[in-house]
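Participant: What follows is each chain in one-letter form.
Number of protein chains: 2
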Amino acid sequence: MNASAIREILKITQRPDVISFAGGLPAPELFPIEEVRAATNAVLDRAGAAALQYSTTEGHPPLREWIGAQAGIPASNVQIVTGSQQGLDLLGKVLLDEGDTVLVEAPTYLGALQSFQPYLPRYVQLPTDDGGIDVDALEEVLKRERAKLLYAVPNFQNPTGRTLSAERRQRLVELTAQYGVLVIEDDPYGQLRFSGEAAPSLYELGLQLHGDPDRNHVVYSSSFSKTLAPGLRDAWVQAAAPIIAKLIQAKQGSDLHTPTLNQMIMAELVHDVLPRQIERVRRAYGERAQHMLRAMQAHFPAGVEHTTPQGGMFLWLTLPGGVNTEALLPRAVERQVAYVPGRPFYALGGGENTMRLSYSNATPAQIDTGIRALGGLLQEALTA
Amino acid sequence: MNASAIREILKITQRPDVISFAGGLPAPELFPIEEVRAATNAVLDRAGAAALQYSTTEGHPPLREWIGAQAGIPASNVQIVTGSQQGLDLLGKVLLDEGDTVLVEAPTYLGALQSFQPYLPRYVQLPTDDGGIDVDALEEVLKRERAKLLYAVPNFQNPTGRTLSAERRQRLVELTAQYGVLVIEDDPYGQLRFSGEAAPSLYELGLQLHGDPDRNHVVYSSSFSKTLAPGLRDAWVQAAAPIIAKLIQAKQGSDLHTPTLNQMIMAELVHDVLPRQIERVRRAYGERAQHMLRAMQAHFPAGVEHTTPQGGMFLWLTLPGGVNTEALLPRAVERQVAYVPGRPFYALGGGENTMRLSYSNATPAQIDTGIRALGGLLQEALTA
Numbered sequence: 001m002n003a004s005a006i007r008e009i010l011k012i013t014q015r016p017d018v019i020s021f022a023g024g025l026p027a028p029e030l031f032p033i034e035e036v037r038a039a040t041n042a043v044l045d046r047a048g049a050a051a052l053q054y055s056t057t058e059g060h061p062p063l064r065e066w067i068g069a070q071a072g073i074p075a076s077n078v079q080i081v082t083g084s085q086q087g088l089d090l091l092g093k094v095l096l097d098e099g100d101t102v103l104v105e106a107p108t109y110l111g112a113l114q115s116f117q118p119y120l121p122r123y124v125q126l127p128t129d130d131g132g133i134d135v136d137a138l139e140e141v142l143k144r145e146r147a148k149l150l151y152a153v154p155n156f157q158n159p160t161g162r163t164l165s166a167e168r169r170q171r172l173v174e175l176t177a178q179y180g181v182l183v184i185e186d187d188p189y190g191q192l193r194f195s196g197e198a199a200p201s202l203y204e205l206g207l208q209l210h211g212d213p214d215r216n217h218v219v220y221s222s223s224f225s226k227t228l229a230p231g232l233r234d235a236w237v238q239a240a241a242p243i244i245a246k247l248i249q250a251k252q253g254s255d256l257h258t259p260t261l262n263q264m265i266m267a268e269l270v271h272d273v274l275p276r277q278i279e280r281v282r283r284a285y286g287e288r289a290q291h292m293l294r295a296m297q298a299h300f301p302a303g304v305e306h307t308t309p310q311g312g313m314f315l316w317l318t319l320p321g322g323v324n325t326e327a328l329l330p331r332a333v334e335r336q337v338a339y340v341p342g343r344p345f346y347a348l349g350g351g352e353n354t355m356r357l358s359y360s361n362a363t364p365a366q367i368d369t370g371i372r373a374l375g376g377l378l379q380e381a382l383t384a
Numbered sequence: 001m002n003a004s005a006i007r008e009i010l011k012i013t014q015r016p017d018v019i020s021f022a023g024g025l026p027a028p029e030l031f032p033i034e035e036v037r038a039a040t041n042a043v044l045d046r047a048g049a050a051a052l053q054y055s056t057t058e059g060h061p062p063l064r065e066w067i068g069a070q071a072g073i074p075a076s077n078v079q080i081v082t083g084s085q086q087g088l089d090l091l092g093k094v095l096l097d098e099g100d101t102v103l104v105e106a107p108t109y110l111g112a113l114q115s116f117q118p119y120l121p122r123y124v125q126l127p128t129d130d131g132g133i134d135v136d137a138l139e140e141v142l143k144r145e146r147a148k149l150l151y152a153v154p155n156f157q158n159p160t161g162r163t164l165s166a167e168r169r170q171r172l173v174e175l176t177a178q179y180g181v182l183v184i185e186d187d188p189y190g191q192l193r194f195s196g197e198a199a200p201s202l203y204e205l206g207l208q209l210h211g212d213p214d215r216n217h218v219v220y221s222s223s224f225s226k227t228l229a230p231g232l233r234d235a236w237v238q239a240a241a242p243i244i245a246k247l248i249q250a251k252q253g254s255d256l257h258t259p260t261l262n263q264m265i266m267a268e269l270v271h272d273v274l275p276r277q278i279e280r281v282r283r284a285y286g287e288r289a290q291h292m293l294r295a296m297q298a299h300f301p302a303g304v305e306h307t308t309p310q311g312g313m314f315l316w317l318t319l320p321g322g323v324n325t326e327a328l329l330p331r332a333v334e335r336q337v338a339y340v341p342g343r344p345f346y347a348l349g350g351g352e353n354t355m356r357l358s359y360s361n362a363t364p365a366q367i368d369t370g371i372r373a374l375g376g377l378l379q380e381a382l383t384a
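Chains U and F, in that order, are what the protein sequence lines are. The opening residue of the first sequence carries number 1 in my numbering; numbering runs sequentially from there. The opening residue of the second sequence carries number 1 in my numbering; numbering runs sequentially from there.
No lab work stands behind these hints, which were simulated from the structure alone. Check each hint, because a few of them may be wrong.
Any copy will do: because identical chains look the same in the list, a pair fits if it lies in one copy or spans two.
No more than 30 angstroms apart at the CA atoms, straight line, and that leaves these computed lysine-lysine pairs for DSS-like [to be verified]:
| # | residue 1 | residue 2 |
| --- | --- | --- |
| 1 | K246 | K143 |
| 2 | K143 | K11 |
| 3 | K11 | K148 |
| 4 | K246 | K148 |
| 5 | K11 | K246 |
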């Protein structure tokens with residue numbers, strides 16, 4: 001499996017006979033179709049041709065302002081991007097030179113590795129446990145390595161579903177500030193907490209530490225894809241002014257601007273539809289996660305470890321050593337169930353005995369059937 | 001002026017008191033607002049949640065198929081991109097290594113230079129005249145230089161409005177094939193011809209030469225931005241399968257996919273609305289170009305040379321040597337008229353005495369007032 005693993009797996013996902021826990025797809029039955037229709041009509045009524053014209057590279061001003069107000073920062077610290085994937089790509093483009101050292105969680109989000117790859121960084125993996133990045137290990141790495149940036153998904157991480165603890169967040173922000181390492185905090189799932197208590201974002205902690213959004217060494221990336229709908233590709237980056245200036249220039253060369261109509265639709269939806277939608281999605285994913293955890297308890301053999309997410313879309317399995325989840329995938333698909341093998345999520349390899357399961361886009365019945373099939377397969381693999 | 005010249009000029013454009021011939025903006029009063037509304041409603045009725053879900057990196061199949069059918073090639077040779085700016089960026093990413101030699105027209109499209117810049121190519125300028133690229137000069141360059149690719153806008157070029165003649169197209173395609181140089185044909189304006197006769201695209205000539213879209217050394221880039229509306233950011237690239245495969249991988253890292261909703265809307269519009277729209281835009285821009293040429297005749301001093309476009313949105317002025325159009329721009333804006341100085345369109349400098357005028361987004365009355373003001377300024381500059 002190479003960098004296009006996710007894409008190939010999304011193809012399997014499309015086969016109607018396969019129950020897929022593979023793709024990181026939001027539940028489409030929760031999408032606010034009628035609200036998007038109403039917002040589009042309102043935008044075309046009010047803005048008319050301006051909704052179909054070129055617009056500024058920075059983004060639609062009311063949308064930037066709303067995002068800035070939520071974060072307690074000026075709109076000028078917000079760059080609208082075409083999906084958070086573009087945010088990561090542009091950050092790679094403006095921040096990374098060939099050979100720069102990038103610290104990543106082990107495992108980390110595969111899409112970020114794909115975004116950074118063209119800029120040829122050198123990765124150092126940070127060990128993680130159920131509390132997220134091991135910050136003592138981070139300190140050792142920072143002493144040893146001249147790192148340029150640290151990339152992390154602190155909330156309900158993709159792929160593990162784990163969350164970085166509040167104490168570790170504080171220490172991570174202080175350590176990276178002390179060693180002059182930029183942080184990219186990727187937070188597409190933060191709003192989707194269904195249990196436990198929210199911890200402050202790294203971005204907020206950076207803001208507290210420096211007292212000025214233009215001195216914050218934490219860059220924040222998020223998106224409306226998981227809370228509202230991915231097909232509009234509305235996402236954003238929050239960063240200090242010098243980084244925003246570079247992002248604007250890079251984005252101008254990359255796609256000029258995010259579609260005008262899509263930004264205006266989102267500016268309509270953020271006020272009333274988005275909060276309702278977040279509640280809806282949160283409740284549904286919490287139920288699905290519970291359902292999957294219960295099904296795993298019923299159908300999985302002993303020795304299979306799993307994470308217990310407090311939000312988001314994913315959980316992570318670790319099988320007893322020796323079981324290779326890539327080798328097992330074709331047999332799973334034969335039994336009409338799919339997952340993502342864990343290895344591609346490791347920048348430097350490892351995790352052959354791990355896999356990612358997504359519960360966001362499966363009904364309770366599909367979860368039962370799929371987890372039962374997967375459990376049978378794991379049973380066989382473990383006793384083989 | 002640096003790479004963000006266009007962006008800064010677009011800001012001037014937004015001042016309501018300035019008549020701007022600067023921005024390359026389509027006429028918004030021609031946008032098919034009600035048709036976009038109807039298409040959106042039809043898409044949401046029919047596709048429902050699928051219109052708001054993630055989709056494939058290659059693009060929405062019916063849109064790819066329609067584009068392929070128009071070009072007489074399979075859909076698999078078409079990659080949908082988020083504005084043709086993204087097509088150029090991705091092509092730069094997958095085709096260019098640092099120091100690669102890229103042949104460009106002098107002058108050339110500024111946005112292409114911005115797209116390619118992160119990949120650090122070395123530019124060689126090709127001389128042009130009213131028939132486009134001087135192909136004898138091209139042959140000399142090809143003998144001398146080990147070029148990787150040639151980038152050209154053969155129809156109603158941005159910035160000059162010039163069109164490459166049919167004979168030269170044939171020769172350019174043969175020469176580049178012979179010397180193993182890839183061609184990127186950027187054609188956002190080709191459909192907007194309002195006088196003269198259409199010549200075959202370089203892509204078509206390449207297809208004839210090789211007899212197989214997967215062996216064509218010409219890559220074609222186009223867009224719905226100038227024919228239908230730029231705010232949707234729907235555009236595409238046609239290329240041989242090995243290049244498409246690389247584009248898919250690069251696009252996956254860049255923005256995963258072009259917004260689903262926007263592609264579905266376009267797939268609705270291409271059948272009936274697009275052809276009507278092309279007729280409308282063509283007629284309007286033809287009238288505006290005529291009007292600007294007449295106004296120039298009435299108000300410009302002797303010695304100012306201009307191109308006479310047969311389509312598209314731009315024409316190009318060459319002033320008698322010694323007049324610097326960058327230095328003149330603030331004085332023009334004082335008189336409430338704006339243009340783009342020519343120098344940034346030259347990859348290696350030059351053109352200090354040139355400027356680009358756009359007639360697409362100005363009424364006849366604005367053209368009269370703006371050209372009269374510009375004529376007065378040029379008169380002063382020439383007699384100073």
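Participant: For each hint, tell me whether it holds in the structure or not.
Facilitator: How the hints compare with the structure:
no.: 1; hint: K246 to K143; result: within (29 angstroms within a copy, 38 angstroms between copies)
no.: 2; hint: K143 to K11; result: neither (43 angstroms within a copy, 46 angstroms between copies)
no.: 3; hint: K11 to K148; result: neither (35 angstroms within a copy, 34 angstroms between copies)
no.: 4; hint: K246 to K148; result: both (17 angstroms within a copy, 28 angstroms between copies)
no.: 5; hint: K11 to K246; result: between (35 angstroms within a copy, 18 angstroms between copies)
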